[in-house]
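Protein chains in written order, with numbering that gives the first Met the number 0: chain A, 0 to 170; chain B, 0 to 660.
Don't take each hint at face value.
Each computed DMTMM-like pair below joins lysine to aspartate or glutamate, with the alpha-carbon atoms no more than 25 Å apart [said to hold, decoys possible]:
id	chain 1	residue 1	chain 2	residue 2
1	B	K381	A	D89
2	B	K511	A	D89
3	B	K381	A	D90
4	B	K68	A	D89
5	B	K381	A	E91
6	B	K381	A	E52
7	B	K381	A	E49
8	A	K111	B	D375
9	B	K381	A	D102
10	A	K111	B	D390
11	B	K381	A	D74
12	B	K266	B	D390
13	A	K87	A	D98
14	B	K511	A	D98
15	B	K511	A	D90
16	B	K308	B	E244
17	A	K111	B	D241
18	B	K381	A	D98
Simulated from the structure, these hints should not be mistaken for lab results.
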Amino acid sequence: MASLRVAAANYRLLGSALLFATAAFMVAPAQAQLRAAQEQSVHSNPRVMELAEQLRCLVCQNQTIAESNAALAVDFKNQIAQMIAAGKSDDEIMRFMVDRYGDFVLYRPPVKASTYLLWGGPMLFALLGAWVLLRRVRASSHAGLRSGEAAGNADDEARAEALLAGKEPHR
Amino acid sequence: MIPELGHLALILAMATALGLAVVPLIGAARGQTTLMHFAHRAALVHATLVFAAFAALGYAFWANDFSVKYVASHSNSALPVAYRLAAVWGGHEGSMLLWLLMLALWTLAVSVFSRGLPQVLVARALAVMGMVAICFESFILFTSNPFSRLIPAAADGRDLNPLLQDPGMVLHPPMLYMGYVGFSVAFALAVSALLSGRMDAAWARWCRPWTIAAWASLTGGIALGSWWAYTELGWGGWWFWDPVENASFLPWLTGTALIHSLAVTEKRGQFKSWTALLAISSFALSLLGTFLVRSGVLTSVHAFATDPKRGVFILGLLVLVVGGSFLLFAWRAGRFAAPGTVAKGSREFWLLTNNALLCVATATVLLGTLYPLALDALGQGKISVGPPYFDAVFAPVGLALAMLLGFGAWSRWGEAMDVAKLRSLAPAAAGAIAAGALFAGAVRPFSWLGTLAVAVAGWLAMATLWHVVRRLRGSGSERWTTRLARQGGSYFGMQLAHLGVAVFIVGVACVKSAETTRDVPLQIGQAADVAGYQFRLRTLEDVQGPNYQAVRATIDVALPSGTQIVLAPEKRVYRVQTMPMTEAAIDSGLLRDVYVSMGEAISQSAWIFRVQVKPFVNWIWGGCVLMALGGLLAFADRRYRLVFRTGISAQPSAAVPAAAE
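This is chain A alone, in the form it adopts within the complex (with noise of 0.2 Å):
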């Protein structure tokens, strides 16, 4: 990536020396097909998405780098790439994110003392729940029989149509 800059600013300079008169005619097309090309060596490569979508546009309303065309989000992208190219891991690229815009940047937040309860909330719930529903089913099987509640409950229901029907004032 660092090369290709290069290459646009030799571009432009050999430009500018060599016709006054059509180097600023020929200097615009030239860029931005030199951009261009760089916007696709950024873009084709997956790694580069797959990174920028766990990563928070630090400008925008919650919105990914993946998603976002606001320049910062163009730059990070540009920076992942470079940093692909120079054979950084994604643990690393996403290390060196961390240590300049903090966690904040990061979807996926970190295990941490501070976010223990976060990553080990689901999990509790779960437990809670399995424990709430196995009690309840439990203490059915304990009771045995459908026997006095099935009786209870059918004549609560023939209450009820009768009540709907209109035939028993409300009690």
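We have chain A already, so just place chain B on it with the hints.
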């Protein structure tokens, strides 16, 4: 003049709500029919007054009255009329008024359609809704008055946020609020039942259609919002686990649990206190959502601290309503104790499991939504909790729920599931294997979660369809059409909604594991190949809209089938707010969407385009539509209509003072 009349109507509405909240309660306590009957008249007057206030604000928008501050900040004379009216709920004050209007209409509906219920129950429920109305009326009048004047008047308005200038945004808020606020009915009925200490099958049967109606609107509202985000935000996402989205999803989860627990309360007389708790929680979460969205606490805890007036007010309301009703619950719910039995594999067993899972899901989403706020408020640093977290913790619960759903429909009340029943689920198992294999074979790279999800969807779809087939085929000699006619709407509603869940899961799994997204730079005449589709930029042109300027790209797309289509995405800049907006161009299909949006300009003749191919993405909203339609079918069940009709004729007998206490 008209805005002042609107303001006056709102003040009078609050006075009426005061009467509605107090008089029927006295009547219920003393057993005086006249006082209780007052609730019906008050509900009518109240709804009329709130509607008048709402209409006055609508008129101010229609007439471009920029001397009204709210109109001046949210409209513009160049804004098309439809959006000018939708702008009524385009900002804080107006959306609170819409909230109130929905509440007033639901209250009126309860008053009109509940005449067959015991009068005490209705009187108390209407009074509770009156209390909620007072809360919101005082909130609007004291902190968020939409009728405040701007002196001197503005020459023109600051325009509606361009993001909201979309047909989806016209419909989304009313539908969402209808659902949100609709849970106030179940809430009011539950509080009323707690007050009287009685909750029986009749109560549950009354509560069901109201809850289902609210749930169906909420489902539709959330789906519309998601679809709007997909078409309008320009990045092709459909759900971001944004706190605002979660705020609407939380009451949906508990509302779903409530619908199912109400079924048990009606049919078996069980889970009574649980049902009451869910009814209270659903509305409490609706209020919490309102607090989160309206107090500014989401943008930043500090934004809330700098202008805390509104936030503190809603927080106060939240504490009052939620705290009060939970106290009442703790005090009275003991009376509903009906342990009863839950046989393993019986219908109530599956519904209990359903409720447990839905509550785990609710708690999880709530935790993820509030955690960053709490951490920040405690000075423990700022973190972001986003899709990677929610996807990871929600997917297991959601899939487990969908899998159990397949068993649920085949179970019977009070009966353990036997082996024969399990055997009749064989087609469902076959469906799971077929769907999973198909997905694993077609999608590269292989995705475990995607395959599992699609297998679960196949299981659920087949379990549902096979049940309907068996029900219609029966064993006797009747024609299937006779059986079809005899089967109630709630049966088909349930099956349709469950099928919707399967369709939804297929959509999500396919989009998550098989979509292609590329940002491609294109010059005029240049082409790019993405996922077998060829995109060639033909032209770039300037377009003048009524209140915006735009660059429109015309792109020829060659489909893999060889057909050519043309897509024309736009990048708009709205004149007043100078905000760039991305109008994506989408070729929608049953099996895939081709989605093109404009990123940023490279030069006069070249842009970066975001090109996406999204398989089965419409199944996501299709599934939601099926769920909502299922709700409507269940709502339209004759059983409930019968209740309404016999109810009206039975009114005198129902007008007997309560002796329950």
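Now for the hints, and whether the structure bears them out:
1. B:K381 <-> A:D89: holds (22 Å)
2. B:K511 <-> A:D89: At roughly 21 Å apart (the allowed maximum being 25 Å), D89 of chain A and K511 of chain B satisfy the hint.
3. B:K381 <-> A:D90: Holds: K381 of chain B and D90 of chain A sit about 21 Å apart, inside 25 Å.
4. B:K68 <-> A:D89: violated (51 Å)
5. B:K381 <-> A:E91: Cα-Cα ~21 Å, so holds.
6. B:K381 <-> A:E52: holds (19 Å)
7. B:K381 <-> A:E49: holds (23 Å)
8. A:K111 <-> B:D375: Holds - the C-alpha atoms of D375 of chain B and K111 of chain A are around 15 Å apart, at most 25 Å.
9. B:K381 <-> A:D102: holds (7 Å)
10. A:K111 <-> B:D390: holds (20 Å)
11. B:K381 <-> A:D74: Within the cut-off at roughly 23 Å; holds.
12. B:K266 <-> B:D390: violated (35 Å)
13. A:K87 <-> A:D98: Given that 25 Å is the threshold and the Cα spacing comes to 15 Å, the pair holds.
14. B:K511 <-> A:D98: Violated, because 30 Å separates the two Cα atoms, which is more than 25 Å.
15. B:K511 <-> A:D90: holds (23 Å)
16. B:K308 <-> B:E244: OK: K308 of chain B and E244 of chain B at ~24 Å, within 25 Å.
17. A:K111 <-> B:D241: holds (23 Å)
18. B:K381 <-> A:D98: Judged against 25 Å, a Cα distance of about 14 Å means the pair holds.
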